[in-house]
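*Asks:* Following the hints, complete the assembly by docking chain Z onto the known chain D.
Here's the letter readout for the chains.
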Amino acid sequence: MDITLRQVSYAYAAGTPFEKRALHEVDLTIPTGSYQAIIGHTGSGKSTVLQHLNAILKPTAGTVTIGEKVLEAGVKPKELKSVRSRVGIVFQFPEHQLFEETVEKDIMFGPMNFGVPEEEARRRAHELVGLLGLPEGTLQKSPFDLSGGQMRRVAIAGVLAMDPDVLVLDEPTAGLDPRGRKEIMNLFARLHEEKNLTTILVTHSMEDAARYADRVAIMHSGRCVVEGTPQEVFAQDELLRDFRLELPQSVKLQREFETITGQAFPVLYLTEETLAEAIASHFEQESEGTR
Amino acid sequence: MLEKMIFGRYIPGDSIVHRIDARAKLIFVFLFIAIVFLANSWITYGLLILFTLFIVRLSGIRFYFIVMGLKPVLFLLIFTFLLHTFFTKEGTVLLDLGFTEIYTGGVIQGVFIAIRFFVLVVMTTILTLTTTPISITDALELLMNPLKKIKMPVHELALMMSISLRFIPTLMDETDKIMKAQMARGSDMTTGPFKERLKAVVPLLIPLFVSAFKRAEDLATAMEVRGYKGGEGRTRFRQLDWKMRDTGAIIVLLGLAVALVLLRS
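Here the protein sequences come in this chain order: D and Z.
The first sequence lines up with residues 4 to 294 when you count with our numbering.
The second sequence lines up with residues 10 to 274 when you count with our numbering.
These aren't lab readings, by the way, just hints derived from the structure by calculation.
For each residue, glycine too, the CB sits at the ideal point set by N, CA and C.
This list has only true hints and no planted wrong ones.
Computed footprint of chain Z on chain D; a stretch qualifies when at least three of its residues, placed anywhere within it, have a C-beta under 8 Å from a C-beta of chain Z: (1) 51–59; (2) 107–119; (3) 161–175.
Over the 10 Å line for every Cβ pair with chain Z, so calculated as not near, a few chain D residues: (4) 46; (5) 217; (6) 232; (7) 260; (8) 278; (9) 280.
Isolated chain D (complex conformation) (with noise of 0.2 Å):
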């Protein structure tokens, strides 16, 4: 499902004196299946443009198109269900919207507002509290019982009960600690290959964007800015910094090697493991080289 953004606008409370536009007209095609990162400082329009890409909020100018949907400024759309059932957002500390009684109920909430039935429904929650690594027990467990990282991990299960094609996702792991930050980010690579998700993460870490992405976007000042692959974005140190962004530690690092060695290396290492072994094969090679 292709999600095109055509010269979006968006103003909040637009009309009144306390209008504030976010987004200047942005471009963004975000392709099926494709993994894309959109980073930008705080205030950049991160939040605004996500919250268009499953109409909670409707430009006002310019086109967003989602799959056959097409929304347009000004124009009243008739049906957004079958848009926001296959787009699914998980919102910056998602555990804020739990309100079941129980795990099981909270987590079946989505499914079933969009028509699945009962029991494929409970059977989606039982899958995917096995799938986060939660105990079994969890499901008849009240969710204001658990712990912050568990309560995430629910909120997550029950974006992902609605089986969506899209996947959104709001900073994801802010306020988790680096175990379960990873566990995460990991969970939704695999699920983006998988079950052949779009995916699209609004992130602050240059980290995650350089290691899971293979499209990022920088928005600045509501304007979408830059848009590449990992490689040609991160390869723009001076940019980056006009922007008032950091580079990926594994970038970083490969930069200071490259001053301090004088050589450089053909490509960009976007994780620190590739970098590690690009690394220990120049040392060999020396090595090599002084025998």
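*Replies:* Below, chain Z without anything else, positioned relative to chain D:
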């Protein structure tokens, strides 16, 4: 979604109305509410309207905000107007509708009541638009101070008020956020039949209550660790300062009262 609410909103400015002491403004509005009832003729009601418009002009507030402030009570305004028009049987018959008759006295009475409503709402809107909630509570606390003699917990009341005012925007943001999250999960309270919308309130209210209680607890702890122990011996950061112009404002209002008494029939 809820960003269009005007209630309790403060519009920063530097007009004379903004600068007047919050206590003076409170007394002013309370007295004004009483004075409004002195009017009973075209000329006195006309004077009230002129006076109100004069204050609006002084405050430098855009008329848009006044209109937004009036919107929620528009229904009430029309309703009372119609009520008086239909049920006051005075003067001569203006219109015979068959089932009932409309008298001139009724229409006049209706217009008067509507004017009364209008000036009251505009005046109170001006008060909240030009005074920060925090100075309103400060003023209330100071004005109610004498009540401490009869063991009224004045400071606690004022604190409760300022805390609730402080958390209105926070809770609004929260509501907006949770509403969007539940919408994304297919529960929609903005469209659909009434029964469905009512059902969609539960997934909104429960998380809201949970987070409100959590916030209350956090706030209590935060106050505790900073050694808060009530109003006893506490000094003020924001000092209110009664000036000549504050006395002047009250005198102007008393002048209006005298004029109304003299002109009323």
